[in-house]
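Q: Put chain B on the given structure of chain A with help from the hints.
2 protein chains.
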Amino acid sequence: MMAQQRMNEFLEKLSSGAPVPGGGGASAYTAAVGMALGSMVANLTTGKKKYAQYQEELESLLEDAAKLTQELAGFMDKDAEAFEPLSRAYGLPKGTPEEAAEREKVMEKALAAASEAPLALMEKILESMKMLDRLSIIGSSLAISDAGVGIQMAKAALNSASLNVFINTKLMKDRAKAEEMNFRADRMLTEGNTMADRVYETVLGRIC
Amino acid sequence: MMAQQRMNEFLEKLSSGAPVPGGGGASAYTAAVGMALGSMVANLTTGKKKYAQYQEELESLLEDAAKLTQELAGFMDKDAEAFEPLSRAYGLPKGTPEEAAEREKVMEKALAAASEAPLALMEKILESMKMLDRLSIIGSSLAISDAGVGIQMAKAALNSASLNVFINTKLMKDRAKAEEMNFRADRMLTEGNTMADRVYETVLGRIC
Numbered sequence: 001m002m003a004q005q006r007m008n009e010f011l012e013k014l015s016s017g018a019p020v021p022g023g024g025g026a027s028a029y030t031a032a033v034g035m036a037l038g039s040m041v042a043n044l045t046t047g048k049k050k051y052a053q054y055q056e057e058l059e060s061l062l063e064d065a066a067k068l069t070q071e072l073a074g075f076m077d078k079d080a081e082a083f084e085p086l087s088r089a090y091g092l093p094k095g096t097p098e099e100a101a102e103r104e105k106v107m108e109k110a111l112a113a114a115s116e117a118p119l120a121l122m123e124k125i126l127e128s129m130k131m132l133d134r135l136s137i138i139g140s141s142l143a144i145s146d147a148g149v150g151i152q153m154a155k156a157a158l159n160s161a162s163l164n165v166f167i168n169t170k171l172m173k174d175r176a177k178a179e180e181m182n183f184r185a186d187r188m189l190t191e192g193n194t195m196a197d198r199v200y201e202t203v204l205g206r207i208c
Numbered sequence: 001m002m003a004q005q006r007m008n009e010f011l012e013k014l015s016s017g018a019p020v021p022g023g024g025g026a027s028a029y030t031a032a033v034g035m036a037l038g039s040m041v042a043n044l045t046t047g048k049k050k051y052a053q054y055q056e057e058l059e060s061l062l063e064d065a066a067k068l069t070q071e072l073a074g075f076m077d078k079d080a081e082a083f084e085p086l087s088r089a090y091g092l093p094k095g096t097p098e099e100a101a102e103r104e105k106v107m108e109k110a111l112a113a114a115s116e117a118p119l120a121l122m123e124k125i126l127e128s129m130k131m132l133d134r135l136s137i138i139g140s141s142l143a144i145s146d147a148g149v150g151i152q153m154a155k156a157a158l159n160s161a162s163l164n165v166f167i168n169t170k171l172m173k174d175r176a177k178a179e180e181m182n183f184r185a186d187r188m189l190t191e192g193n194t195m196a197d198r199v200y201e202t203v204l205g206r207i208c
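Order-wise, the sequence lines are chains A and B. Note that the numbering used here numbers the first sequence so that position 77 is 77, with each residue one more than the last. Note that the numbering used here numbers the second sequence so that position 74 is 74, with each residue one more than the last.
No lab work stands behind these hints: they were computed from the structure. Treat the hints with care, since some could be wrong.
Below, in silico cross-link-like pairs of lysine-lysine (DSS-like), each with a Cα-Cα straight-line distance of 25 Å or less [claimed, not checked]:
#1 B:Lys13 to A:Lys48
#2 A:Lys13 to B:Lys94
#3 A:Lys78 to B:Lys13
#4 B:Lys94 to B:Lys109
#5 A:Lys105 to A:Lys48
#6 B:Lys94 to A:Lys94
#7 A:Lys48 to A:Lys109
Model, not experiment: these values are computed from the prediction.
Same shape as in the complex, but just chain A (with noise of 0.2 Å):
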């Protein structure tokens, strides 16, 4: 598991030329982050008088959050999988029309692979997203710039992933399926980049 290594380690890796990890495994890893945010506010106002009234939806939270973030740090592994067909097709040989088109038929099934990795990572992005809304209403205003944080990572997360989406689908031949996920990472896009900017200014105005 990626998440075992430490976290200069991950940087260096990130750093290096090599394909994996990159934009992918960090869009994953960021989407984790924002959503342990998500716990750690939870986790801050359960069990506060204050906020007695949303105990049991705080404690299932709790328990949603912990899962989740765990799912979005396994698309670390994940996209590093999708990624490795696509990086193998691209060695193929094209010298004779038989090789071309052999690798195009597997380029195509590969690019196909490599776009719906970030996809499902971006429904998953949209969850979090959904938990860090209601975090920043019923969450203690002593963690609020957290939930803050929280969804400014979630939304950059989503949008990097959609790039992983773009780069991809651009260079499939098949466009009707190409624009079919185009338009699944836009739709998303607009969902969640609305979705983020309405909370931030929800814990804007609970901090300022």
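A: Relative to chain A, chain B alone:
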């Protein structure tokens, strides 16, 4: 050093109710991830014939980006160091008027220090954005999505760090000093967000 810990350990500590690491440490690491992606772009561009005209500049960018990535990651420790005195100040007794006055004096100093740390981080993030800006133009188109992810990370880190300024200056009694700090943060937010959005558009333009 905080960056020595494992990535999943960091997520666990972040999720907990412990005051550190929190939004400050998360901002610092995310900024380091953004700059590391800048190094990745430079590493995938350097030595390539197509970009030979930028070779000298790329080498200098590689050196600067590696240094800055380390500095940004180091802000995880600086943030924790700046936050500890504040955490202790909150715990001081305030039963007698003397105790209350002493507590207020200690708090005021701790709040200023806890606001200076994210301000210094914001300055470093602006430096990283300038490098990502340049890399989004001279970087290999094969790695351009990583420049886009990098600038998203830097932008999220910048906005997140500003929240850690505002939440602390809000409680300062010396309003002139507080407003001066808020002004510095606002100015950097304007500069950084404008730059980040422009860089992201450049990247999207090169992808789509």
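Q: Run every hint past the structure and note whether it holds.
A: Now the hints, each set against the structure:
For the hint pairing Lys13 of chain B with Lys48 of chain A, the CA-to-CA distance comes to about 20 Å; that is within 25 Å, so the pair holds. At most 25 Å may separate the alpha-carbon atoms for a hinted pair to count; Lys13 of chain A and Lys94 of chain B exceed this at roughly 50 Å. Distance check on the hinted pair: Lys78 of chain A and Lys13 of chain B sit about 24 Å apart at the alpha-carbon level, within 25 Å; holds. Using a Cα cut-off of 25 Å, the hinted pair Lys94 of chain B and Lys109 of chain B holds, with the two alpha carbons roughly 16 Å apart.
For the hint linking Lys105 of chain A to Lys48 of chain A, the alpha-carbon distance of about 58 Å lies beyond 25 Å, and the restraint is violated. At roughly 77 Å between alpha-carbon atoms, Lys94 of chain B and Lys94 of chain A are farther apart than 25 Å, so this suggested pair is violated. At roughly 52 Å between alpha-carbon atoms, Lys48 of chain A and Lys109 of chain A are farther apart than 25 Å, so this suggested pair is violated.
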